[in-house]
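Here are the chains, one letter per residue:
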Amino acid sequence: MKRHLVSAADLSRDDALLILDTAEELAQLSGRAVKKLPTLRGRTVVNLFFEDSTRTKTSFEVAEKRLSADVINFSAKGSSVSKGESLKDTALTLQAMGADAVVIRHHASGAPARLAQSDWLHGSVINAGDGTHEHPTQALLDAFTMRRHLNAGAGNDLAGRRVTIVGDVLHSRVARSNVHLLTTLGAQVTFVAPPTLLPIGIENWPCEVSYDLDSVLPKTDALMMLRVQRERMNAAFFPTEREYSRRYGMNGIRMAQLPEHAIVMHPGPMVRGMEITAEVADSPRCTVVEQVANGVSVRMAVLYLLLGGAVFADGPADTAPRTDSVENAQ
Amino acid sequence: MNERSERTSDTVSYLIRNAKILGGAPQDLHLADGVIRAIGTGLAVEADIEIDATGMIVLPGLVDLHTHLREPGREDAETVLTGTQAAAMGGFTAVHAMANTTPVADTAGVVEQVWRLGQEAGYCDVQPVGAVTVGLEGKKLAELGAMHESAANVRVFSDDGKCVDDAVLMRRALEYVKAFDGVVAQHAQEPRLTEGAQMNEGQVSGELGLGGWPAVAEESIIARDVLLAAHVGSRLHVCHLSTAGSVEIVRWAKSKGWDVTAEVTPHHLLLTDEMVRSYDPVYKVNPPLRTAEDVQALRKALADGTIDAVATDHAPHPAEDKDCEWAVAAMGMVGLETALSVVQQTMVDTGLLNWEGVADRMSHRPARIGRLSGHGRPVSVGEPANLVLFDPAYRGAVNPDSFATRSRNTPYKGMDLPGRVHATFLRGRATVLAGELAEQGGPE
Ligand SMILES: [Zn+2]
Chain A
1 MKRHLVSAAD LSRDDALLIL DTAEELAQLS GRAVKKLPTL RGRTVVNLFF EDSTRTKTSF
61 EVAEKRLSAD VINFSAKGSS VSKGESLKDT ALTLQAMGAD AVVIRHHASG APARLAQSDW
121 LHGSVINAGD GTHEHPTQAL LDAFTMRRHL NAGAGNDLAG RRVTIVGDVL HSRVARSNVH
181 LLTTLGAQVT FVAPPTLLPI GIENWPCEVS YDLDSVLPKT DALMMLRVQR ERMNAAFFPT
241 EREYSRRYGM NGIRMAQLPE HAIVMHPGPM VRGMEITAEV ADSPRCTVVE QVANGVSVRM
301 AVLYLLLGGA VFADGPADTA PRTDSVENAQ
Chain B
1 MNERSERTSD TVSYLIRNAK ILGGAPQDLH LADGVIRAIG TGLAVEADIE IDATGMIVLP
61 GLVDLHTHLR EPGREDAETV LTGTQAAAMG GFTAVHAMAN TTPVADTAGV VEQVWRLGQE
121 AGYCDVQPVG AVTVGLEGKK LAELGAMHES AANVRVFSDD GKCVDDAVLM RRALEYVKAF
181 DGVVAQHAQE PRLTEGAQMN EGQVSGELGL GGWPAVAEES IIARDVLLAA HVGSRLHVCH
241 LSTAGSVEIV RWAKSKGWDV TAEVTPHHLL LTDEMVRSYD PVYKVNPPLR TAEDVQALRK
301 ALADGTIDAV ATDHAPHPAE DKDCEWAVAA MGMVGLETAL SVVQQTMVDT GLLNWEGVAD
361 RMSHRPARIG RLSGHGRPVS VGEPANLVLF DPAYRGAVNP DSFATRSRNT PYKGMDLPGR
421 VHATFLRGRA TVLAGELAEQ GGPE
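Chains A and B, in that order, give the protein sequences.
Numbering of the first sequence is given in full-length UniProt numbering, commencing with residue 1 and proceeding in unit increments.
Numbering of the second sequence is given in full-length UniProt numbering, commencing with residue 1 and proceeding in unit increments.
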């Protein structure tokens, strides 16, 4: 595996399966009373969040602590238009703090790539979501969830499974990472969205495109609903919330069109009433809560593999790992 | 050229041996008293300095229609002095200084200031460009006539960096400057179609998740502008044309006999949006790098004359404005010192243009568009000695540390580019000699 995880496209099939298999082993831990491994004891992981994201940040933090890493939460609140302290200066600060890995969430597409390519810091860079570019650990937890339901077992991939991703593909880092990873794992991806919410050039992506959700549902093994922000209608991406949910929203009637075994996924946070109704969100086929739990296992696996955890040893950590917080208002 | 600006040329005379004028057979040139005194083989004349130019090309001094000198206001990025030194190092003897300074060059006072700074620097003639609208805000015409009547004698007007997108304002500007043979140089960018734009909209922007700058945002403005220019019978110049579609529109306008000219930058002749995959802001520029198909169309259009001129859009930025994430980085690249090499690589070495063609697109035509009477002249006896001596056999990696410009934001760092300026002469005075800047204000 590479030293960084910036794009899901960086992962070979073997890399991806190694992460999923490792995550399965680590997931066994959560069923036990003592959940900590000493694997990353003495290693420092920084959560560098330029954008608020409680769920992703919490997920990484839990994963880091279960591996006994020292955790520094570094929140740099800046807007996407004002520059504030430069990414470079922040990176140099983290380097000085001895960061072994930096988990970065940034509103600018490409910020993690910049960090990884620069000589500003030497630790591993893990992309926790950059702008409208990628969110590779989300794709990994999605693939992990799909594999459990559709082709469970270590070493198994998603060959031949049909995944339909519905919603704001244009602005979705989840969609971009998923198309890379799912294709690598052999799945067939279909995007469904109004044409305004699909990027130019998508005809060259390794996926199918449809504007008609109803025709795709019967040929779906996993359905992923993407969040659609209401503000998009102000920029004329679609006329009204009602029209969007009529044409592209998931509801009980549509759920009945899915094959028996199909699951409904959502990366969260859901906008109920927009892309998904309560009936679907609360149904047993919806894996949203499961995805959250899987997120921790997958992120543990990524950290473990990138930081080259010395021994995959059992047992509790004997010292309590530290957590420091640095607020860096910009 | 401004008669008023004439410096007395120094008294040093030069004998250039065995240089290929516009790529022709080797000849000697004798430069004295600011002019080309003699041209011939085996010239038997005395000169203070003799230059062995075997293998080198002589071109008329290059003329840039599009240079950002940043002074006044952003002297941390460039000054008129460092910018004109960079120009001289690139073989230029005249540059048009864009109006987007702080304050904006929208009054006679500011354009005269820039013009005087150019005079004092002495490395290259500086022809200020005046803003079309007050503060580049696209609301109200600037005092175009006053800028023309000033010592700076402005004839080219541009809100470059911003588009004059209001159709009525553009029409009026085109009409108004006819009174003094002016031209509006339009930065063609439909603002609504480019809100949040970060790079060319296409395959790569979709994958990278960066806001798209679609070709149609440039082409729709050019289409409107050529029609406006035709309607009011005015001259129009299109800045940094960057797409295959824009080429088609300009070609069509020219076929109608309309007075439309266009420029292309060296970087749009060489680089594509694939470079953006690195997210390195050194590739962030406006208009953005386009596709390989666009690059081919631009080269072809420059070769057949649809595009009149190569213009650098030299846009210096301090390191901190590029040493950051893509979204907040400044747009622009330095280009004066690499322009001729990029043109050799993309146009000459590919067989699309000979050196005569290079002289036409980088000197004669831009001088004519800017109405600079002392530049873009033929290389013949009696003409002002505005010349560049270029060694096309040189090969080497671009080293930004050797640049004269104050900024280092070049996309060509470490890239092997052909050719190197050996000497530049401004009215017989060497501004560059043996590849080094010559001291100004006294003979070498
Ligand atoms: Zn411009």
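The set of hints was computed from the structure by calculation and includes no laboratory data.
One or more hints might be untrue.
What the hints assert, rightly or not - Output of the computed footprint for chain B on chain A, the stretches with three or more beta carbons under 8 Å from beta carbons of chain B:
1) 105–113
2) 125–139
3) 200–208
Bear in mind the structure is a predicted one, so any value in this text is a computation, not a measurement.
Note that CB positions come from ideal geometry on N, CA and C, so glycine has one too.
Hint-by-hint comparison with the structure:
| no. | hint | in the structure |
| --- | --- | --- |
| 1 | 105–113 | holds (count 7) |
| 2 | 125–139 | holds (count 5) |
| 3 | 200–208 | holds (count 5) |
In summary, this structure violates none of the numbered hints.
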